[in-house]
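So the chains spell out like this:
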Amino acid sequence: MYWTLFLTFTRIGAFTIGGGYAMLPLIEREVVGRGWINREDFFDLFTVSQSMPGIFAVNISLFLGYRLKKIPGSLVCMLGAILPSFLMILLIALFFTHIQDQLWVERLFKGLRPAVVALIAVPCFTAARSAGLTWKTSFIAIGAAMLIWLLGVSPIYIILAAAGGGLFYGLRIKKD
Amino acid sequence: MIFLQLFWVYVKIGLFNFGGGYAMLSLIQDEVVDKHGWISMQEFTDIVAVSQMTPGPIGINSATYVGYTCVLNAGYPLPVAVLGSCLATLSVCLPSFVLIWIIVHYFTRFRQNRYVASAFLGLRPATVGLIASAALLLLNSENFIDYKSFLIFGFAFLLTWKVKLHPILTILAAGVSGLLLYG
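Top line first, the protein sequences correspond to chains E and S. Going left to right, the first sequence walks through residues 1 to 176 as the numbering used here numbers them. Going left to right, the second sequence walks through residues 1 to 183 as the numbering used here numbers them.
One thing to keep in mind: the hints can contain errors.
[To be verified] Partial chain S-side listing against chain E, Cβ under 10 Å, derived: (1) Asp46; (2) Tyr65; (3) Ala81; (4) Leu179.
Think of the hints as simulated: they come from the structure by calculation, not from any bench. Ideal Cβ placement from N, Cα and C applies to all residues, glycine included.
Given these sequences and hints, build the entire structure.
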């Protein structure tokens, strides 16, 4: 059973390129499809994995593993899920130090770097929509971005302040 | 002590990551590039590019790469550097492991919990800001070297936003453009 779990999550980890939610349909097919967990429970675990800190893929594999085989199960699923990316990046790291000074690699990355910025800029707008930003709450988003970008404030303080502000607003002000 | 630092930095990254991969970029950048100088800003951008093309989330990818590189640069031999990459990769997962254990034991209805729900009233808009700050931090002269960079940026932005092209294809197209434009 542990071996099956490990192999299943290794496969999930290996075939989800770009990370995060890209792995969702694959996990669903492997885990719900095998009857390990029903669809409702799966989506419960999905929403909790999304809203707790940490890496989504790690969270959901830990949760599913725990549901199936407690702590050993959660460790097996997590290690399975991260192993392919770990090996891949380790190989690249070993190899990259030897090729990074080559001219064609330099040219390749000159093209890649601006595209990476675009790939991050687009989700700002889609996340703004899915977070349901209003004129009022967009000040929080803009303020957070400016504090980090211009003043070099650590994102940790931004997260603590946002959670604290949310707690204060939700428990004290909104209640009345 | 590089191993303790590495452990602590990646535990922090694992613990304070809300809102997915892109939202954690500014956190990783702040710790790994600004505070500790383990990798350069350019190398950081390169890891993000590589992680779009390889399996796995950016949180894991950056941990593996940074763990290896910073231990190697500290003058340790290669096998020790591999251990460093294991250490960083497991450290970033550790907070999740502990938190999940707590959640399954003490919060049966985590999402409905009113403390959690309230905290998210602030966290949700802040996440948008975190993603924006990552984009702004990378919008620098190391990544944008001339007008061609802005052309690539514009095309990549439109392809991703309007055409909804898969990130891998966008990255591939940008790589090919780099090879051709800077030939």
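query: Which hints, by number, does the structure contradict?
result: Of the numbered hints given earlier, the structure breaks none, since each of them holds.
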